[in-house]
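For the protein sequence lines, the chains are U and X, in the order given.
The working numbering puts the first residue of the first sequence at 69, with every later residue one more than the last.
The working numbering puts the first residue of the second sequence at 20, with every later residue one more than the last.
Accuracy of the hints is not assured; some may be wrong.
[To be verified] Label pairs and their computed distance ranges (CB to CB):
id	chain 1	residue 1	chain 2	residue 2	range
1	U	Q71	X	P80	19 to 27 Å
2	X	I57	U	D86	39 to 47 Å
3	X	D82	U	V81	38 to 46 Å
4	U	Q70	X	N71	24 to 32 Å
5	U	G69	X	L103	20 to 28 Å
6	U	A136	X	K90	41 to 49 Å
7	U	H143	X	N71	38 to 46 Å
8	U	H143	X	R28	28 to 36 Å
9	X	S77	U	Q148	38 to 46 Å
10	X	S77	U	T150	21 to 29 Å
11	U	D86	X	E104	32 to 40 Å
[Unchecked claim] With a Cα cut of at most 30 Å, we get these calculated DSS-like pairs of lysine-lysine:
id	chain 1	residue 1	chain 2	residue 2
12	X	K63	U	K104
13	U	K125	X	K63
14	U	K138	U	K124
15	U	K173	X	K30
16	U	K127	U	K138
17	X	K97	U	K104
18	U	K138	X	K63
19	X	K90	U	K173
20	X	K63	X	K81
21	X	K34	U	K124
22	U	K173	U	K138
23	U	K104	U	K127
24	X	K102	U	K119
25	X	K97	U	K127
26	U	K173	X	K63
27	U	K125	U	K173
28	U	K177	U	K124
29	U	K119	U	K177
30	U	K119	U	K138
31	X	K90	X	K30
32	X	K63	X	K34
Quick caveat, the hints were computed from the structure, so don't treat them as lab data.
Virtual Cβ for every residue (Gly too), placed ideally from N, Cα, C.
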Amino acid sequence: GQQVMQIPQYQHVQEGEDFTTYCNSSTTLSNIQWYKQRPGGHPVFLIQLVKSGEVKKQKRLTFQFGEAKKNSSLHITATQTTDVGTYFCAGGGSNYQLIWGAGTKLIIKP
Amino acid sequence: EAGVAQSPRYKIIEKRQSVAFWCNPISGHATLYWYQQILGQGPKLLIQFQNNGVVDDSQLPKDRFSAERLKGVDSTLKIQPAKLEDSAVYLCASSPARVYGYTFGSGTRLTVV
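Extracted from the complex, chain X is given alone in its bound form (with noise of 0.2 Å):
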């Protein structure tokens, strides 16, 4: 089966202009997640959707971040406006179900200049 596809691999911006990311899960995943990893540590959950509908978004920056996951299948992840602190790994997701084991993507290396 073809694993969790995110773009672009990499992108470099400047504070404050805006970026969104991509993700595409495995088909019939219904739960998709965003992480956010910085270098050396563990993963940051951004926002958890079941289906279409979010089930935790406890930890996203609302004020900078959004995302969105439109008819259950595709995702994407929006920072406006950028700050250097966002400098990190965006990490998608995906599982059957909230029960079982995820399948990451390859990711995306966000740096802010």
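Looking at chain U on its own, in the form it has when it is part of the complex (with noise of 0.2 Å):
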């Protein structure tokens, strides 16, 4: 069946270095969603890709899909302790399926 792989599965940073995770797919997705998880916490929608190419920014979130609309990368600028959680990718497969990623964990070192 589809999936789609995320890497890497944890990522440590010290506060104030980039973070970057990647999801790739085998098939083309339709679109591109990002989540957050808190420690203790559940997925919090953050973005929505959809056109191929297409880049999205929130303030230091960089979202991209790939021209072939098979993969995507989140990328976190000068992090902060605020940051710290899963980051899951879920891609649009058939039949409007979301197919999840693992996730990246994001770990701000002391």
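Got two chains here, each in a separate frame; can you build the complex from them with the hints?
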């Protein structure tokens, strides 16, 4: 079946450093959504990308959708402690199904 | 607007017992989802409703799990009988339509002992 691979599984950064997580699909996606889940919390919708090559920004967060609509990335500039959590991508597959990545856990080093 | 309401927040039961979870989605949201999230993993879709009809239940263990959405609003998810591996957070989410982002509830943390 359709799968979305997300890497890395964990990323440790010093506060102020950048963070990037990547998602890759073997099949073309209709759209990609990104969610953030704080420790002990529930996933919170961040953004949806639909168009090939689309780039969207939310303050320090930059989201990209690849030209072939098979990959996506989330980049956070100058991480802050409030960015801690797990970031999930979820790709739109056939029949409107959302295919979830396994998530990337952002850890801020003390 | 009010968010997605779920209850209870926590539940501890013994294996082979039954349990039910309740979800009230955001008003007007046609699509409702139940997800299972095991600690350290991503959410896994159990069932998806469009209004009161089932759109996708391919990953629902139908020998023990059941779900309904009466009148296209509230929904309940039931497990009977529970197994140890059912210990997880059960998340309900809703969206205006299938192509929009989801709003999740706070979830029910189930522990089966």
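Hints, verified against the model:
no. : hint                       : in the structure
1   : U/Q71 / X/P80: 19 to 27 Å  : holds, 21 Å
2   : X/I57 / U/D86: 39 to 47 Å  : violated, 30 Å
3   : X/D82 / U/V81: 38 to 46 Å  : holds, 44 Å
4   : U/Q70 / X/N71: 24 to 32 Å  : holds, 27 Å
5   : U/G69 / X/L103: 20 to 28 Å : holds, 27 Å
6   : U/A136 / X/K90: 41 to 49 Å : holds, 42 Å
7   : U/H143 / X/N71: 38 to 46 Å : holds, 41 Å
8   : U/H143 / X/R28: 28 to 36 Å : holds, 34 Å
9   : X/S77 / U/Q148: 38 to 46 Å : holds, 40 Å
10  : X/S77 / U/T150: 21 to 29 Å : violated, 37 Å
11  : U/D86 / X/E104: 32 to 40 Å : holds, 38 Å
12  : X/K63 / U/K104             : holds, 16 Å
13  : U/K125 / X/K63             : holds, 28 Å
14  : U/K138 / U/K124            : holds, 17 Å
15  : U/K173 / X/K30             : holds, 27 Å
16  : U/K127 / U/K138            : holds, 25 Å
17  : X/K97 / U/K104             : holds, 27 Å
18  : U/K138 / X/K63             : holds, 21 Å
19  : X/K90 / U/K173             : violated, 39 Å
20  : X/K63 / X/K81              : holds, 15 Å
21  : X/K34 / U/K124             : violated, 47 Å
22  : U/K173 / U/K138            : holds, 22 Å
23  : U/K104 / U/K127            : holds, 15 Å
24  : X/K102 / U/K119            : violated, 43 Å
25  : X/K97 / U/K127             : violated, 41 Å
26  : U/K173 / X/K63             : holds, 17 Å
27  : U/K125 / U/K173            : holds, 20 Å
28  : U/K177 / U/K124            : holds, 28 Å
29  : U/K119 / U/K177            : violated, 35 Å
30  : U/K119 / U/K138            : holds, 11 Å
31  : X/K90 / X/K30              : holds, 26 Å
32  : X/K63 / X/K34              : holds, 21 Å
Going through the hint list in order, the structure does not satisfy hints 2, 10, 19, 21, 24, 25 and 29.
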